[in-house]
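Colleague: Here the structure of chain A is known, so what remains is to put chain B in place on it, guided by the hints.
Below are the chains, spelled out letter by letter.
Protein chains: 2
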Amino acid sequence: MTLTIALDGMGGDKAPEIVVDGAARALEQLPELHFLLFGDEAKLAPLVAARPALAAALTIRHTDAFIAGDAKPSVAVRQGRTSSMRLAINAVKEKEASAAVSAGNTGALMGMGKLVLRTLPGIDRPAICGILPSRRRPIVLLDLGANIDCDATHLVQFAVMGTVFAQAILKIERPRVGLVNVGVEELKGDDIVRNTAAILRQLPPPIDFQGFVEGTDIFKGDVDVIVTDGFTGNVALKVAEGTAKMLMDELKGAFSSSMRGKLGYLVSRPALGQLRERFDPRVHNGAMFLGLGGVVVKSHGGTDGFGFGQAVLVAAELVRNGTNEHIIQAMSQLGAMLEPASEVAAS
Amino acid sequence: MTLTIALDGMGGDKAPEIVVDGAARALEQLPELHFLLFGDEAKLAPLVAARPALAAALTIRHTDAFIAGDAKPSVAVRQGRTSSMRLAINAVKEKEASAAVSAGNTGALMGMGKLVLRTLPGIDRPAICGILPSRRRPIVLLDLGANIDCDATHLVQFAVMGTVFAQAILKIERPRVGLVNVGVEELKGDDIVRNTAAILRQLPPPIDFQGFVEGTDIFKGDVDVIVTDGFTGNVALKVAEGTAKMLMDELKGAFSSSMRGKLGYLVSRPALGQLRERFDPRVHNGAMFLGLGGVVVKSHGGTDGFGFGQAVLVAAELVRNGTNEHIIQAMSQLGAMLEPASEVAAS
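Here the protein sequences line up with chains A and B, keeping their order. Remember, our numbering sits 1 above the position in the first sequence when you count from 1. Remember, our numbering sits 1 above the position in the second sequence when you count from 1.
FYI, nobody ran anything at the bench for these hints, they're computed from the structure. None of the values given here were measured: they were computed from a predicted structure. It cannot be assumed that every hint is accurate.
[To be verified] Simulated pairs of lysine to any residue, SDA-like, Cα-Cα distance not exceeding 20 Å:
{"id": "1", "chain 1": "A", "residue 1": "Lys-94", "chain 2": "A", "residue 2": "Arg-321"}
{"id": "2", "chain 1": "A", "residue 1": "Lys-221", "chain 2": "A", "residue 2": "Arg-177"}
{"id": "3", "chain 1": "B", "residue 1": "Lys-189", "chain 2": "A", "residue 2": "Pro-74"}
{"id": "4", "chain 1": "A", "residue 1": "Lys-189", "chain 2": "B", "residue 2": "Asp-71"}
{"id": "5", "chain 1": "A", "residue 1": "Lys-253", "chain 2": "B", "residue 2": "Leu-264"}
{"id": "6", "chain 1": "A", "residue 1": "Lys-263", "chain 2": "B", "residue 2": "Pro-271"}
{"id": "7", "chain 1": "B", "residue 1": "Lys-263", "chain 2": "A", "residue 2": "Gln-275"}
{"id": "8", "chain 1": "A", "residue 1": "Lys-246", "chain 2": "B", "residue 2": "Glu-251"}
{"id": "9", "chain 1": "A", "residue 1": "Lys-246", "chain 2": "B", "residue 2": "Arg-277"}
{"id": "10", "chain 1": "B", "residue 1": "Lys-73", "chain 2": "A", "residue 2": "Pro-206"}
{"id": "11", "chain 1": "B", "residue 1": "Lys-253", "chain 2": "A", "residue 2": "Asp-281"}
{"id": "12", "chain 1": "B", "residue 1": "Lys-263", "chain 2": "B", "residue 2": "Arg-277"}
[Claimed, not checked] Partner residues are not named here, just some residues of chain B that face chain A (Cβ under 7 Å, in silico):
{"id": "13", "residue": "Leu-133"}
{"id": "14", "residue": "Gly-212"}
{"id": "15", "residue": "Thr-217"}
{"id": "16", "residue": "Phe-220"}
{"id": "17", "residue": "Asp-223"}
{"id": "18", "residue": "Phe-232"}
{"id": "19", "residue": "Thr-233"}
{"id": "20", "residue": "Asn-235"}
{"id": "21", "residue": "Lys-239"}
{"id": "22", "residue": "Ala-245"}
{"id": "23", "residue": "Lys-253"}
{"id": "24", "residue": "Met-260"}
{"id": "25", "residue": "Phe-307"}
[To be verified] For the chain B half of the interface with chain A, some residues (derived, Cβ under 8 Å), not all of them:
{"id": "26", "residue": "Thr-120"}
{"id": "27", "residue": "Pro-122"}
{"id": "28", "residue": "Gly-216"}
{"id": "29", "residue": "Gly-262"}
Each residue gets a CB set at the ideal place from its N, CA and C atoms; glycine is no exception.
Excised from the complex, chain A in its bound form (with noise of 0.2 Å):
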């Protein structure tokens, strides 16, 4: 069975190439695949026709508008409405596609995937959620910056939605989940996490609430879902991006400081090379926009083709393992649930 996506032919550093680059990768593990490309005809067109196999799964749709990286997420909504995102958006509203892909401006993303497509029943606020390396395996990161505020009704939420992400992407058949907090003891953290926590831990299977965790315990893979708020989830992930970046960079600076550094590197490089493919950051490529009305996945702005690929390939995922039905679904055999217990945690 055809299963049509949706691409922001023109969001990203480097699109619109890695963006058809991307799809006829993606093509290639999955022949099901059918595109919409949403830009600029002219642009595309050649990319698209350099690819036969591409081209014969893939419509392009012109436009010429399109988001700039660095608009203002509020603007872009109100005045992209012909924009290769927004087009890409409206058709899975206009249900022509199952999922939508774009490497562009994350907050104009968000913004038109809750304007166009709502959220979903028992969701009051959308949240990114993402894939990182531990050392066991790997984990989702939820929130990522989507929600600078927020209450323990959002975070239990979260938890849910990280829940049903992890059991369809990552097939953990029940995801043990992490609240985020400054120690692991019970009385740490402010009313926020300590209310979440209490009704965390009444909620029946699939959700597997452990506790707290501190930023240290995120990378050991003890749990596999990891809850927060947009504004620390958002600086958790950048700070472990930072540093993985400046070990990375130090480390090669060091092997090239002297030419015993040299030898030592060409020595070693089968084995750095299996540490490199390990934490490649375009593995897990993909955002996804999890409690939006359909499924919305954000690339990485700066990726490659292999990265977008990893993108597209996550949407289909997310579209044939019916996460957002299974959303719902949870959503609402725990609606009783959660009901009484924010009252319990509100008073």
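Modeller: Only chain B this time, still in chain A's reference frame:
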């Protein structure tokens, strides 16, 4: 001139050995140091006696009581009136010592510090301030967890204290200050960070506010003092530690996974040693409790004698620099600037 430092002999995972060893190491660097060492004399005396130079510069003050590393801070503060930690802080209050250093329970140390020493004039809340490596030179990060919820007034005070601290310890004449946010644009973040930025932008030298920084920017070294609330700061610090530890362990694993990797390691060892040295967490051990009415330095609980010695040297440097006097002075000079700015921000 003698500079007396009060030591909590019983705080830290490997106390009392690391405390005595650290004191001896610090004394080698700074012969003018004298120590008041609080704790179990039966345990401390033999360790001190084995180091004649130290024995000549140290007085043991016996007490049976000590604060456990996992004690609940509020209970420890109430019940630990004769503990080695509390007596060390009392010695600062009584002006028997110029500073106190402990590797024990952070929450208890902060609680006792506030109770006994109060806060400096102009400071509402003390902050925990640490030094981290960056790509360029070491940077100052605060608050690391003393204050979970902060308003703009607190964050501005942190910026002032961090500036004075960077001047005193990192010898930077006019430290550049950054405020952690989820993006660098003026409109990002919540009211608190935006109001803080509005106040900081108006402050005269020595405050040199550079604007918002993201998680990825923290380790770039473009700013010297990084200000955030205690929740975010604690998570950021621990995420950086966790990421660095995971990568270093994985690197070790990669090297030892094959004969060629092992050979590569042998050849690369000097280059890797350089790297390890630059990121040695023991070098900048010693989180300063800025804003207390006396110098209190918290050594990492798991540190060794070298690390504890570094914390002692930080305490001595803070005393010799008159850091607290400089904070009082800066707050009083800025006082007039801060009041109206706060009102603007609140309106």
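Colleague: Please check whether Pro-122 (chain B) passes as an interface residue: C-beta within 8 Å of a C-beta belonging to chain A.
Modeller: violated, 28 Å
Colleague: Just to be careful: measuring from the Cβ of Ala-245 (chain B) to every Cβ in chain A, is the smallest value less than 7 Å?
Modeller: Hint on Ala-245 (chain B): holds, closest Cβ of chain A at ~6 Å, below 7 Å.
Colleague: Mind checking the CB of Phe-232 (chain B) against every CB in chain A and telling me if the closest is under 7 Å?
Modeller: OK, holds: Phe-232 (chain B) within 7 Å of chain A, min 6 Å.
Colleague: Decide if the proposed pair is consistent with the structure: Lys-73 (chain B) and Pro-206 (chain A), CA atoms, cutoff 20 Å inclusive.
Modeller: violated, 32 Å
Colleague: Hint validation: Thr-233 (chain B) versus chain A, beta carbon distance must be below 7 Å. Holds or violated?
Modeller: holds, 5 Å
Colleague: For the pair supplied as a hint, Lys-246 (chain A) and Glu-251 (chain B), is the alpha-carbon distance within the 20 Å limit?
Modeller: Given that 20 Å is the threshold and the Cα spacing comes to 15 Å, the pair holds.
Colleague: Grab the minimum C-beta distance from Gly-212 (chain B) to chain A and call the hint holds if it beats 7 Å, violated otherwise.
Modeller: Constraint on Gly-212 (chain B) not satisfied, violated at 16 Å.
Colleague: Mind checking the alpha carbons of Lys-221 (chain A) and Arg-177 (chain A) for me, to see if they're no more than 20 Å apart?
Modeller: holds, 13 Å
Colleague: Quickly compare the C-alpha distance for Lys-263 (chain A) and Pro-271 (chain B) to 20 Å and report which way the hint goes.
Modeller: At roughly 11 Å apart (the allowed maximum being 20 Å), Pro-271 (chain B) and Lys-263 (chain A) satisfy the hint.
Colleague: Just to be careful: measuring from the Cβ of Gly-262 (chain B) to every Cβ in chain A, is the smallest value less than 8 Å?
Modeller: holds, 4 Å
Colleague: Is the Cα-Cα distance between Lys-246 (chain A) and Arg-277 (chain B) 20 Å or less?
Modeller: holds, 16 Å
Colleague: Thr-217 (chain B) was flagged as interface toward chain A. Is the shortest Cβ-Cβ separation under 7 Å?
Modeller: Since the shortest Cβ distance to chain A is 4 Å, the answer is holds.
Hints 10, 13, 14, 17, 23, 24, 25, 26 and 27, counting from the list given before, are not met by this structure.
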